Amino acid sequence: MSALLSMDNLTGGYGEADILQDVSMHVDQDEIVVIVGPNGAGKSTAMKSVFGLLTIRGGKMLFDGDDITGWAPNRIVQRGICYVPQVDNIFREMSIHENLEMGGFLKKGDLSAAYDRIYTLFPDLKERRKTMAGSLSGGQRQMVAMGRALMLDPKLLLLDEPTAGLSPKYMEQIFQICRDVRDTGVAILLVEQHAKQALAFADRGYVLAAGKNRHEGTGAELLADREVAEMFLGG
Amino acid sequence: MDFLDLINFYVVPGIVLGSIYAFGAVGITLIFAILRYAHLAHGDLATLGAFIALAVVTSLGFSPLIALPIAIIATAAVAVGIDKVFYDHLRERPKIVTVMASLGIALMVRAVVQVVWGVDTQTYSRGIVRPEDYFGIRIRDRELYTIFAMIVLVGGLQLFLTRSKWGKAMRAMSDNPNLALLSGIDNKKVVMLTWIVAGGLCAASGFFLGYNTELKSMMGWHMLLPMFAAAILGGVGRVEGAVLGGLIVGIAEEMSVLVLPSEYKAAMAFAILLFMLLVRPTGLLKGKVL
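Chain order of the listed sequences is A and B.
When we follow the numbering used here, the leftmost residue of the first sequence carries the number 1, and every step to the right adds one.
When we follow the numbering used here, the leftmost residue of the second sequence carries the number 1, and every step to the right adds one.
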């Protein structure tokens, strides 16, 4: 089976500087792939490249049979990739329900099936659908952000450090939600700061350092790798 | 002076003036929130709206209140046009460039008004209107229409912003522009809608100022400061705040005559603006900090 998303020898960055050099990765259907690595390794940049947010100077990107290299973000959204930024990922002064409505903005016709799907995934949100998103706790905000991104029924969800600043309890909850989302047939590519926990939960992982691929493998393999442990995971 | 005199001579005119400011302040606050710059041509656009209504009244013989919707539509179209021809090209530049450009537009619009309609004072209809008496409160019909129109138009706008898909898109763009774009909301349409709303409300503001007093080519320019004071007082991005701010500035200007010589009336807006920026820059209803 060919990969849902494959990035081949991608080189690029913001403006002139190349932050990514020859990065290759792929994400299969029904899998959670995590990108870990030290600060400044280009983790978030690698993910933003998928979403058309940086200038690509080499390599190409295939998604679900299409070459999406250089596509504009709004075209990529319509093709089935949704992105949750690390910060400012909700509409604070709009209700939970309105946040979801904005997520489904491009969808023609009735949104009720999409709402049902999100509220089944996040029962907490259904109870508070009229609450302003800005007044929620960090974990709930993350759910709103993911819910917004899932409204368009994407095939691939990109999450930029979804657990940043969350307590361990919420971190576990977000990871569980990621598994639930995957089980509904949505692949997930996420960037994580909490490398150990993330590798333990993801199906596969990539270790990036200085804008280059360093290691690749299943979570367990990477966790067991001595070099990875010493370099990035603090022993 | 008894209580009824206070109401009749200061509060009622203050609410009427405040409603006129509110029309402009709502547009200013929306432009601030969605496009993120101070629009200095707002007052002169209001002047244009007032004179378009005058043209309809004098050439077609319509009553002023029928001329109002026509002026609203025409001014909204002019506002959209100005954005397309001028501001749109500056979108990627620092916002201060657009602010300065809007000052130029203000001068241009005023010049057009002066060339077409002259610099003399004009009115929609002549004659003195006696106020009606409602349980001791004296109020003229045109004053009631002004307040009523403000409630209807701003109430309608509020419904549009909270109930309709595109109204929500405008709020989303004001709340978090990056996320709005990531969600696929069409920025261009939102900008156009903002100008339709702001331009239409400008016309209402100028029209009711002319309807209650008289039309002059500088009328809108003189309203610019109180309208900005009202928008900032209410909290930038807050429609209901702009209305509240407009009413407070209007009433404060009228009441200032009680303690200050009337030449200082116009300075009230400036004092309120300064005071708010120093004490509570987010405004009464917690708007954006700029």
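Warning: the hint list may mix true and false statements.
Facing chain B, according to a computed beta carbon distance under 8 angstroms, are these residues of chain A, among others [stated by the list, open to error]:
| hint | residue |
| --- | --- |
| 1 | Asn-74 |
| 2 | Val-77 |
| 3 | Asn-89 |
| 4 | Glu-93 |
| 5 | Asp-110 |
| 6 | Arg-148 |
| 7 | Glu-161 |
| 8 | Ala-164 |
| 9 | Leu-166 |
Selected chain A positions facing chain B (Cβ under 10 angstroms, derived; list incomplete) [unchecked claim]:
| hint | residue |
| --- | --- |
| 10 | Phe-51 |
| 11 | Leu-54 |
| 12 | Gly-80 |
| 13 | Val-84 |
| 14 | Asp-153 |
To be clear, the hints were calculated from the coordinates, so they are not data collected in a lab.
In this text, all values refer to a predicted model and were calculated from it rather than measured experimentally.
Backbone N, C-alpha and C fix where the C-beta goes; we use that ideal spot for every residue, glycine too.
Here is how each hint holds up against the structure:
1. Asn-74: With a minimum Cβ separation of about 5 angstroms from chain B (threshold 8 angstroms), the hint on Asn-74 (chain A) holds.
2. Val-77: holds (5 angstroms)
3. Asn-89: holds (6 angstroms)
4. Glu-93: holds (5 angstroms)
5. Asp-110: violated (13 angstroms)
6. Arg-148: holds (7 angstroms)
7. Glu-161: violated (16 angstroms)
8. Ala-164: Since the shortest Cβ distance to chain B is 17 angstroms, the answer is violated.
9. Leu-166: Check failed: Cβ of Leu-166 (chain A) comes no nearer than 19 angstroms to chain B, outside 8 angstroms.
10. Phe-51: Where the cut-off is 10 angstroms and the nearest Cβ of chain B is about 8 angstroms from Phe-51 (chain A), the hint holds.
11. Leu-54: violated (15 angstroms)
12. Gly-80: violated (12 angstroms)
13. Val-84: holds (9 angstroms)
14. Asp-153: violated (13 angstroms)
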